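Chains as they are written, first to last, in the UniProt record's numbering: chain S, 1 to 411; chain B, 1 to 411.
Treat the hints loosely; a few may be bogus.
Which copy? The list can't say, so a pair holds if one copy fits it or any two copies do.
Simulated pairs of lysine-lysine, DSS-like, Cα-Cα distance not exceeding 25 Å [stated by the list, open to error]: (1) K299 with K122; (2) K119 with K299; (3) K314 with K265; (4) K207 with K185; (5) K274 with K39; (6) K153 with K299; (7) K271 with K314; (8) K39 with K183; (9) K122 with K39; (10) K185 with K271; (11) K183 with K299; (12) K185 with K39; (13) K330 with K274; (14) K207 with K265; (15) K207 with K299.
Treat the hints as calculated values from the structure; they're not laboratory data. As the structure is a computational prediction, the values presented were derived from the model and not from experiment.
Next come the chains, spelled out residue by residue.
Number of protein chains: 2
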Amino acid sequence: MRKKLSRRQILTGLSGVAGVVATRPLLAADSAEQLSLEKIDQLLASTRQQGWAPSGLGQRSAFESPQRLPLYNIASGTPLQDLHGTITPADLHFERHHAGVPTLDPDMHELLIHGMVDKPLKFSLADLKRMPSVTRVCFIECSGNLNIRAGEKTTPQQLSGLTSQSEWTGVALSTLLNETGVKGKARWFLAEGADAAVLARSIPLAKGLDDAMIAYAQNGEAIRPEQGYPFRLLLPGWEGNTNVKWLRRLEVSDQPFMTREETSKYTDPLKSDKSRLFSVVMDARSIITSPTYPSVLSKGWTEIRGLAWSGHGKIVQVDVSVDGGRRWQKAALQGPVLSKAHTRFTLPWRWDGTGTELLSRAVDESGYIQPTRRQLIDSRGLGSLPYHLNCILGWQVRSDGQVLYAAEPWA
Amino acid sequence: MRKKLSRRQILTGLSGVAGVVATRPLLAADSAEQLSLEKIDQLLASTRQQGWAPSGLGQRSAFESPQRLPLYNIASGTPLQDLHGTITPADLHFERHHAGVPTLDPDMHELLIHGMVDKPLKFSLADLKRMPSVTRVCFIECSGNLNIRAGEKTTPQQLSGLTSQSEWTGVALSTLLNETGVKGKARWFLAEGADAAVLARSIPLAKGLDDAMIAYAQNGEAIRPEQGYPFRLLLPGWEGNTNVKWLRRLEVSDQPFMTREETSKYTDPLKSDKSRLFSVVMDARSIITSPTYPSVLSKGWTEIRGLAWSGHGKIVQVDVSVDGGRRWQKAALQGPVLSKAHTRFTLPWRWDGTGTELLSRAVDESGYIQPTRRQLIDSRGLGSLPYHLNCILGWQVRSDGQVLYAAEPWA
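Here chain S stands alone, though its shape is the one from the complex (with noise of 0.2 Å):
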């Protein structure tokens, strides 16, 4: 939440923030700093020749080159460590994907909805751009975003990359059930995508009915090819392999289909002899995204800087310890905070030269707090590697100012 400043507050200096920017000295404006005619031409360049004209289509600026990491063939994350706010562009959204991103052809391309339905329906791009819309900001994370192999030098990248968030908008598959109709004994539906790998989950139809929306533009526009075009499931809070893309089936029935996805897949063997399946939601998570590695820290005022989510709701709170978890401080969380969505934590932080640790822990709307590794580990065993791993992660600053990641080894 902004802090908003009065002019008293200002004149009197008695805003409380002074001296933030203590890091390094400022250039005074009037120190005797003789600039050579070359460095006054330098920077009077830009005033001295017309720019460049308007476009159909603008370019990021030569000196930023964000990137997604392609992690072997099945994957690219988001360079978390870059991005600021909330909204992640479209082009760095993360990847997954079994077999590749497929191109389909948005006038041959259908839905196609049958099953236990009344009315068994095909429905093209044209046909649900048509229909009433919804839209939504949320996250996707896929179920294995940690990397339980990262050593010290790892950015939140390498990290913990495959999540994402963008302004959603599509219809509500209820919009669609109701065209359907579904018959009494229904229960699931299974969804299915047109890539290679022929994705398919079985969903519950209580999800359907509730805040899943088959989504056909993200950030304002059409949905990108990596994201699922023309069109995908999307079900708000829920992990990423059950947001279907380039969905082209939804079945319904009273049954799961226990599909490769969820048996053989994305299930969790747990310290009993028992497996969770359909462990669909993601639970309560943040990371840190400044200052992490290869950040290099000097002494004085800085603003750590992190996203927290949830998949059960609205984050209500974020701690950050600077002393490796002896104490903890509650973070500004950026409002407006959504449901299912990442949420920027920051905290300013004064760093004196001594080695420490940094840590975060979200709580999310239902009381639930992210677990210490050694809580999850206990909780449910190391069978469940490498899904749904949301424990809490630091960040380890030395006193020569280096930040690296804390890892720790997981078996």
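Here the structure of chain S is known, so what remains is to put chain B in place on it, guided by the hints.
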């Protein structure tokens, strides 16, 4: 607001929005359509070949090519009719400049704050990024955002495309003024840009201490060159030119500087013998974005969509008329409704095939109601053309389904 259907409602068909897609008969899934082997191959092609591998930067689908529309050499408009939700993709954000887009080196460019301050200071981009950050979603609009020569065959982009919305991140100007301190007599500051126009505006200090921001990030990443890279002044709700791009200098003073852009330009001659200077706040406005030219409607259900916004705060209501202004209905507003931000409105409408006119009218939290063209001219006269033309706009629906802008000559 999303209408949530219960299982009971769907099963008993009592949702009340049945038949929304009665516009054309959907292909029933069990109809006796014979598919040729060739068509089957086409439909299955995406499941039989590996798709694209993960990439560092995503691309739009080849089937989607949204574009800005350059206007002479001084602007380009956002394709409002092709967009959804409220976020404008960064490379489609409108442009407006007076001498082209400069290329600035973030390692050389600095922001100087001087004048009636205790301590003049210069800030680099790195300094600004290290300071306490704030993030907000808000619109920017050019004060001249209405094409007064538009004829019938005019898209929203051509009519009114000089408005866009981003999630902006930066440092609050009040934080910077706290570093410099401000002298007791100060009441204004000059904001000056580093482009070849060296555009400069005088801003009341009160706005600088309120919600003014030095913005360096746009939709999560570095601000774009066309929007002011490496940083700009952001004054939520104020006319576009005051949000000085490529910001290089703020000079604090006790009086306005009376620059060209606030005397020769951007002042509004009134019906009296007086002119209004510093007409900085963008009044409430709305525009239908669909259906508009060049849509062609079919009889039956469609969804009327548009955007509404106000520089004075939140939109509280948008009324839509489907009969040329005789009767008005409240449209649904997509939440969360934010202050000084584009708000998406929607209204389901069943077209009966007869010619008519569609209108939208915004109301903001101050109680201000978007005026008719007649009201605007009667109260302000025509001398203020072409600035701040925020009147109600109409779209003609012909009986053959063609939609055209309901153009009216201004002079």
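Hint check against the structure, violated hint numbers in rising order: Those not satisfied are hints 3, 5, 7, 8, 10, 11, 12, 13, 15.
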